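Student: Top line first, the protein sequences correspond to chains R and Y.
According to the working numbering, the first sequence is numbered sequentially starting from 1.
According to the working numbering, the second sequence is numbered sequentially starting from 1.
Careful: at least some of the hints might be erroneous.
Unchecked claim - Restraint ranges, calculated between C-beta atoms of paired labels, are given here:
1) Thr162(R) <-> Arg218(Y): 49 to 57 angstroms
2) Thr161(Y) <-> Lys182(R): 42 to 50 angstroms
3) Thr384(Y) <-> Asp165(R): 35 to 43 angstroms
4) Asp583(Y) <-> Ala175(R): 43 to 51 angstroms
Simulated from the structure, these hints should not be mistaken for lab results.
Predicted, not measured: the structure shown is a model, and the values here were computed from it.
Note that CB positions come from ideal geometry on N, CA and C, so glycine has one too.
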Amino acid sequence: MKVLTCLMLVLALAGCTRERRKPTDVAPSSARPEGSPESALQPGPTGTPPSAEPSAVALPAEGMPHAPYEQSAWAVSEGKRLYQWYNCVGCHANGGGGMGPPLMDDKWIYGSDPIKVHQSIVDGRPNGMPAFGGKIPDSQIWQLVAYVRSMSGLLPKDVRQTRSDHMSVRPSEQAMRPAKPKNEAGTPPSAERPG
Amino acid sequence: MSGLSQSNRRVIVCRVVLIMALALASVAAENPAPSKDGQWLRPAKDFASTRYSDLAEINVGNVKQLKLAWSFSTGVNRGQEAAPLVVDATMYVVTPFPNILYALDLAKPGAPLKWKYEPKPAAAAQGVACCDVVNRGAVYADGKIVYNTLDGQTVAVDAATGKEVWKTKLGEINRGETITMAPLVVKNKVLVGNSGGEMGVRGWLTALDLATGKISWRAYSTGPDKDVLIGSNFKPFYEFDQGKDLGVSTWPPEAWKIGGGTVWGWISYDPELDLIYYGTSNPGPWNSDQRPGDNKWAATLFARKPDTGEAIWAYQFSPHDLYDYDGVNENILLDLTLKGQKRKVLVRPERNGYIYVIDRATGEVLSATPYVHITSTERVDLKTGRLIYNEDKKPQLGKVVRDICPAPPGAKDWQPAAFSPRTGLLYIPHQNLCMDIEHVEANYIAGTPYVGANVRMKAGPGGDRGLFTAWDPVNARELWSVKEHFPVWSGALVTAGDVVFYGTMDRWFKALNARTGEILWQFRVSSGIIGQPITYRGPDGKQYVAILSGVGGWAGAIVAADLDARDSSAALGFVNAMKDLPDQTAKGGTLYVFALP
């Protein structure tokens, strides 16, 4: 009985652990471009072809690069904000897709692994995903990776968003039943077509 | 016989001859001499864009016997919006991305493939195509099939051999430009406009030389008059369209450079006035708070000289557009008697919910009559020409404004109407949709969407999302209207047999009595229809009707692009109104050709 009480106490205390935030993450500038800024962004991969390895970015020395982001509700919430800010929402809507594929379902054309998602954002993909690598801070890309994976419930429930500040258009990320990714080595949409 | 007198005999002979003559005459009325016009050379059939064929072998009496003659898979499972073409004994079909052109030999049984041409457009173009990767068809002129590819190129292909004659790059996908429209050839000029009104693109119409593919002029939809090809002959009818460099001064500084006004719809031509007519898309972004001003020349109808591109008049349908009411719909050129006067008019079922009848020489609006339930605007002021908005329904930043009708695809989107000179009616495929909208701040990042709105579309009053309406443009009234479950996203075709054809997204290809709207025949195809029906006379002398099936487009993106219906805002909010479409149709891409047995 004593042991059990002790254990419960330890567990309860562990539950009080505060989520740690990385002070090094820099919020994006709120300055808006004037007039008609030309960006170097373009649909599809740019420069060197995407390698099998994740792009050469400064990874945390220890552990997996995505771990700190995927365990942080703040990072996921930042990812949600950046998802709007960098127009991810324009193509993928609030997860249901449009010009780009849906992100709230269980289909992952290029893989659901955080490293793969990161690679999709950094290097772009041939059917129109622009390459954001080198154009936005890598920490923000990891925040986006965490948010994108949370859209289909792949992150722990306690870091997923509970509500949106905008018009309600989808069940909250937290309400999503984790959708086990399928079609991991799937066929890219272009291969469904002739030519 | 012998008992009959000579005179009696003469009378009888006369009577027999008379009866025979009458019988012949009535036969002639039912089966007019074979028309010379059995081909289909451009999507809208003629320069006036009537989509009317004078073939009448298939008519109200026999259309119920229509049978499938043959079919053909395009091999592409995206939205098939194109009209097939028929030139002599060959049919030409263009697919959505990757924009394959097939030539089918109609002289042989089952129409075998003659050749195919593959332009191999850049795959990345798919990522900047707002509303599925559609193509609205090709055009035939001077031995060439000319059409556009999604990655912003125009190609001319030898109609006999399938060899590329020329290819000209007109748009930059890096800036969000694609091309989905069907070109029109006028006086050896190929007229092409860009798409990308949701991507911060600057709209234009470009004329290329039919023989060489060289650019002869380009008219921008925004910017200074010299870029818009506005000169001393420009005489807009209304005061609010008059002034210098309005394409700059009606925008915040520099915003016109990314302001939309793309030209992805239809072009008509009046050879007598020597004017082309076309409209421009919505201004960008959708968030109208970011672009105070009238935003010229977005959502505008232009009349231009085809030789030089010089603008003669313009009329802005939706100044400072609040609802993505693109002004790109078809312009049907008719000579109507209005209030006892013969008028050369342009009839236009506009996205904003009004059918406009416009004097096509001057740009004067003769009437603008609602043809759907409208809450977004009050009326068109015929004195000033201005569309009067409903203040209660103006979208706002960070606030949801509800029940705005029509929704962004409007009362009618790209899907072209037809006009029959026999019935005097316009046949309009369209939709009944409303929306809730919330503006959010839009960031311009080149090559990504520039929208700034959360949208949730839904069925309008009555619950049916689609309508097929017969409209009398002289008296500005509806004659009949057929309700459809889903938006009618296919074009219309009407024939001298008084039969009108269209297809539905739930896979029916239908023939109606053009006078009454009574359904006479229908056929269930494999995938939903969003294409343009055509009719032609085959080398065997028989009349055929052809349609592409294959659901998609903006309305069908939920199926064509496997979107997730749990997100109401998917496909710019269209998914919310189409959640049950996947129950009715899967993807497809098949051409169907019908004939009488």
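Student: Run every hint past the structure and note whether it holds.
Tutor: Evaluation of the provided hints:
Checked against the hint of 49 to 57 angstroms, the C-beta distance between Thr162(R) and Arg218(Y) comes to roughly 51 angstroms, which is consistent with it. Under the hint 42 to 50 angstroms, the C-beta atoms of Thr161(Y) and Lys182(R), about 46 angstroms apart, fit the expected range. Range check, Thr384(Y) to Asp165(R): Cβ separation about 40 angstroms, and the 35 to 43 angstroms hint holds. Between Asp583(Y) and Ala175(R) the beta carbon distance is about 24 angstroms. The supplied range of 43 to 51 angstroms is therefore violated.
Of the hints listed earlier, the one the structure fails to meet is number 4.
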